[in-house]
Each structure stands twice: as C-alpha cells, then as structure tokens.
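If you read the protein sequences in the order shown, they are chains A and B.
Just so we're aligned, residue 1 is where the first sequence starts under my numbering, counting upward by one.
Just so we're aligned, residue 1001 is where the second sequence starts under my numbering, counting upward by one.
Hints listed in this document are in silico derivations from the structure and should not be mistaken for laboratory results.
You may find that some hints are simply not true.
[Unchecked claim] Distance condition first, Cα-Cα at most 30 Å in a straight line; then the derived DSS-like pairs of lysine-lysine:
#1 B:LYS1084 with A:LYS46
#2 A:LYS84 with A:LYS155
#3 B:LYS1022 with B:LYS1084
#4 A:LYS22 with A:LYS84
#5 A:LYS46 with B:LYS1046
#6 B:LYS1100 with B:LYS1159
#7 B:LYS1022 with B:LYS1046
#8 A:LYS112 with A:LYS159
#9 A:LYS84 with B:LYS1159
#10 A:LYS155 with A:LYS112
#11 A:LYS84 with A:LYS100
#12 A:LYS22 with B:LYS1022
[Claimed, not checked] To list a few chain B residues with every Cβ distance to chain A over 10 Å, as calculated:
#13 LYS1022
#14 PHE1073
#15 ASP1163
#16 GLY1169
The beta-carbon is built from N, C-alpha and C at its ideal position, and this holds for glycine as well.
2 protein chains.
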Amino acid sequence: MAAPIEFWFDFSSPYGYLAAQKIDALAARHGRTVDWRPMLLGVAFKQSGQAPLTQIPLKGDYSRRDFARSARFHGVADFRMPEKFPIPSQAPARIVLWAKARDPAQAAVVAKALYRAYFFEGLDVSDPEVAADVAARTGLDRVAARGAVDDPAVKDLLKREVDGGIARGVFGSPFVFVDGEPFWGLDRFDQIDRWLATGGF
Amino acid sequence: MAAPIEFWFDFSSPYGYLAAQKIDALAARHGRTVDWRPMLLGVAFKQSGQAPLTQIPLKGDYSRRDFARSARFHGVADFRMPEKFPIPSQAPARIVLWAKARDPAQAAVVAKALYRAYFFEGLDVSDPEVAADVAARTGLDRVAARGAVDDPAVKDLLKREVDGGIARGVFGSPFVFVDGEPFWGLDRFDQIDRWLATGGF
Chain A
1 MAAPIEFWFD FSSPYGYLAA QKIDALAARH GRTVDWRPML LGVAFKQSGQ APLTQIPLKG
61 DYSRRDFARS ARFHGVADFR MPEKFPIPSQ APARIVLWAK ARDPAQAAVV AKALYRAYFF
121 EGLDVSDPEV AADVAARTGL DRVAARGAVD DPAVKDLLKR EVDGGIARGV FGSPFVFVDG
181 EPFWGLDRFD QIDRWLATGG F
Chain B
1001 MAAPIEFWFD FSSPYGYLAA QKIDALAARH GRTVDWRPML LGVAFKQSGQ APLTQIPLKG
1061 DYSRRDFARS ARFHGVADFR MPEKFPIPSQ APARIVLWAK ARDPAQAAVV AKALYRAYFF
1121 EGLDVSDPEV AADVAARTGL DRVAARGAVD DPAVKDLLKR EVDGGIARGV FGSPFVFVDG
1181 EPFWGLDRFD QIDRWLATGG F
C-alpha cells in the first residue's frame, strides 16, 4: 500500500482549517490515507523571520478578505474568522498527538473537531480546558485529554515534531508531503492532485 | 464594454512571469482586456517588511522548487530560473510604461518580451541597454526606448504607479484587480476565472 500523505498544520492557520476539510477526500481519491501532523508555526516563523499573515502591513487586510473568499470558493460554509487571532496552538496540538499515539484514525477526528471549534464556533482552543472539552465531544476521555496538555512526554513529542518539521522545511500551514515532495498551501492542492494521479510531473 | 482586468507585476517575479503567459487568455475567455501595470515590488516589500522569496530562510529552497514545478504544472515550458536573481526592475518597467502611453497593445507585447528575455533567455533586463535591445525586437525604436529609462517624466510616472499600487494594497506579484476585487498570486487564477464567470462569489 502506498505511503500516507503527510498533512502538517497549525491550529491557528485559517488556510490549514480550510485544507483540513479537503485533505481526506483528496487522499482517498488516490487510494491514500492521511497522517495528521500538528505543528507550531510560531517556531518556524522565528527561523524564517515571518509573522502571522494578518499582522503584516498591506498583506494583513488582503489576507482577511482572502480567507473568507477562499472558504466560499472551496465550498466551506462553516468558516468564521475568530475574534481572537492568532492563538498559541500547543494545547490542541498536544491533544492530537496524544490521541494519535493511541489511535491514528481518532487523531483526524479530534483534529477536525478542534479546528472547527476555533474557526467556526469561535472557541478559544488555546485554553487547555476548552480544548479538552472539544476532545471529549469526539468520545475521548476528558480528564486524560486535559492531562495530555501538561504531560512532559507529550510536550516533548510535540517539540520533536516541530523540530523535525522545520528540519524538513515546513515553514507554513498547510504543508503536505507526498512521497517526500513538499507542497505548501491549500492553493497547491491542484498540484497535489495531479502529482498523486501521475506519480510526479 | 466591461472594464479591463488590471494585471500588476514585477519583472523580477517568477510567478509574475508565469502569470503573464496566462492572463490574456483568461481575460479573453470572459470578454475582457488586460491593463499591464509594471510595479516595483521592492518598494512594497519595504512597507510590508517582506523580502524576496528566495532570500527567506526555509521558504527560499521551497520557492525555487515551486517556481519550476509550477511552470511545469501550468504548461510553461520556457522557464529557466535566472542565475542573477532578484534584479532591480526599473528599466523594463519604465520601457513598458513609455510604450503603453503610446499604444496600450504594444505594452503587453514588450512586457512579455522583456519577461521572457529574463526568465527564459537569462538576459539581465535590469541593464537599460539590454532592456532597450529587447524592446527593439518587438518593433519599438531602440533609441527612444533607451531614452525612456532616463526620462524624468517616465521615472515620475513609474513612481506614481508604484505609490498608487501600494495605496491600493498591491504587495506582491502578480496582483490582479477584477472590478476592484484584489487577487494575489498565480494560484488565485482559478478564483479569478470563477469571479469573472459569475460576477463574484
């Protein structure tokens, strides 16, 4: 069986949220599964000297317009730009990694639930209590999920994921690897689709 | 008749070059013409705190790979990343503005010739002599084109274009306005296509 597609994302990334609505179906069309890999973009931003889009002069205003327009273009009705933005994404990222270690399929479910809680319901999932509440909705044990946020082993796992991502050139969200080939952005999903269909171009 | 599509671009922008191969046909499919508007991205970069893509840590390596892959994806066979990159783009921008004041249709022809000279032939079109040579290939008077690069009125015109672009939020290349709606990047051409077909979404 072909290797899973690696889907790297940050919970504070609007394009990551939109991409999260698309990646499973894209992979499935080509007989692939998805490895959901939460990331802390802030760490990558420090290395690359970047900043959150909305904080960049000129680019900021355009970005907010483009988030909403891209949601409409891609048929994602459930998008509302959160008032609090950006947020630190350690809590939801750690819960996903913790869930994934127990059941990879569950990781995708809880990741999508956390993304939706933030980018549609406007819940501040950077708060460990809120993130644990959302995790519990997906059937996970709330106390265990809340505990994962402060678990040194899970913290260390996330740190290694972030370092490993940066070492492989992950500087944005979403960031996808298909058999080692890197693609940055929801707007490369058309290239990913052709890459998967043809084996590369 | 519907208003022309505004196509803002910098002669040192690889994605601008790729987009320049696509914009006329995209507009024509919807009964539109294109207003070719050369821009100096360096001035916008200063305001937005950005840098040329290839100079950004992590993003730089990815960008070079993506330039070439995007060229293949979009069927632009005539693309070779120039050894000298980026370049200042005053000389070709001024020649295009000068040509456009005399004949708007000629501006598109000379713009595409200058872009191709840099991004396929590897000619350094930041050199006014080289830019004038390329302009002459398209039937323009070489001496007059060379003179335009140092003409205070043309210099002033470009300065006003750049200031006007920045005032309207142009921070990247290509940057397209369709009836006032802003689109940044070749990877928004699918959205532009739908916008033109539907009148907005």
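Hints the structure violates: just list their numbers, smallest first. 9, 14 and 16
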